[in-house]
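> Chain by chain, the residues run as shown.
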Amino acid sequence: MKIAVVGKGGSGKTTTAAILARTFARAGHPTVALDCDSNPNLGISLGIGEAATEELLSLRDAVDAGEQQHAVSADDLVDRFGVDAPDGVRLAVVSAIQNPEPGCP
Amino acid sequence: MRVAFVGKGGAGKSSLAGTFARILAGTGRNVLALDSDPMPGMAFSLGIEQTDSGLPDGAVEEYDQEGRSAYRLREGLTGTGAVMQYATPGPDGVHFLQLGKARGRQWSNTRQHFAFQRVLDDLPGDGWSVVGDLPGGTRQPFLTWGRYAETFLVVAEPSPASCLTGRRLAKLSAMHGAPRVLVIANKVRGTGDAELVAERTGLPLIGAVPWDPVVGEADRVGRAVLDLDPDCRSVTAVRSLVAALGESREIR
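In order, the protein sequences belong to chains P and F. For the first sequence, this note's numbering assigns the number 1 to the initial residue and increments by one for each residue that follows. For the second sequence, this note's numbering assigns the number 1 to the initial residue and increments by one for each residue that follows.
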């Protein structure tokens, strides 16, 4: 099962995604939570804390700065860029385009 | 005065920016309210019925820039001209311009985005104030959509996620040499909340807006907070904010 949570800012996407991820994990499903937000906060809602959430972001910044290699596969991404969250959820932050041209908001 | 509201989604940027723009306009200034959020919400907080006030595709013309296709305002059209011609008139004399929403599957927003940016490069100067509502998050606020701002107002709730966004914005602004960045503590419930926001974001606090059920009700019914209850706590706080920024000599 692959679920994407979308909606307007402040409508509760991150909170909903975190609860879904932990609920599936608790039911015994191996669960990966992907934070695709250019301002990623899913870690806080999953319960890994502020400091760990911030660390995940700096890893992404390092990739964007060219100091770290991009992930070569989905497994590599989850493995190298992921972190363990409560209930066995694996959280990974997916890099966003940092310098988009107009037309790519 | 040229200010732009930034912050995490849901922090209250649109509600505050719309109210701020109208109160400022009420003091007799020419105010241009700019919504550069592709998921626009500022029209509601301004009390403007029309929620699609984007620029027409014909505002820009395509030209060849060293072998690459680029866009500029069409011949004879200036930024001020575009504002006068295309901005929607709003309550208290506010002029409202927005990036524009997608209109169906086949519609390309390329021209609209370029047109909006070309207007940002050539906004009306003397005698005009600009109040911008930027997209949520941290992507490109200082280089792209908010580059006209002299002061960035980071809206942050006293929550870890909201303050984390504030810290990221503070870091980005330092990286990009952005002008003054201040924080507004929003949805403040208890004593010490505002100071907590200042401490957690590391930004100078310009004001605090109390948690106010009128804002939630205004959201629910799609009306401006200012029209629903002009004397409610949040509107009173935004009035103080307008006064505080107006008195600041560092801000034109």
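Just so you know, these hints were derived from the structure itself, not from any lab. Quantities reported herein were computed from a predicted structural model and do not represent experimental measurements. All C-beta atoms, glycine included, are put in the ideal place defined by N, C-alpha and C. The reader is advised that the hints may include incorrect statements.
To be verified - Some, not all, of what chain F presents toward chain P, calculated at C-beta under 10 Å:
id : residue
1  : Gly10
2  : Gly12
3  : Ser14
4  : Gly137
5  : Thr138
6  : Ser159
7  : Arg168
8  : Ala170
9  : Gly177
10 : Arg180
11 : Trp211
12 : Val214
13 : Thr236
14 : Ser240
> Run every hint past the structure and note whether it holds.
So, going through the hints one by one against the coordinates:
{"no.": "1", "hint": "Gly10", "in the structure": "holds (2 Å)"}
{"no.": "2", "hint": "Gly12", "in the structure": "holds (8 Å)"}
{"no.": "3", "hint": "Ser14", "in the structure": "holds (9 Å)"}
{"no.": "4", "hint": "Gly137", "in the structure": "holds (3 Å)"}
{"no.": "5", "hint": "Thr138", "in the structure": "holds (5 Å)"}
{"no.": "6", "hint": "Ser159", "in the structure": "holds (9 Å)"}
{"no.": "7", "hint": "Arg168", "in the structure": "holds (7 Å)"}
{"no.": "8", "hint": "Ala170", "in the structure": "violated (13 Å)"}
{"no.": "9", "hint": "Gly177", "in the structure": "violated (16 Å)"}
{"no.": "10", "hint": "Arg180", "in the structure": "violated (21 Å)"}
{"no.": "11", "hint": "Trp211", "in the structure": "violated (14 Å)"}
{"no.": "12", "hint": "Val214", "in the structure": "violated (17 Å)"}
{"no.": "13", "hint": "Thr236", "in the structure": "violated (23 Å)"}
{"no.": "14", "hint": "Ser240", "in the structure": "violated (24 Å)"}
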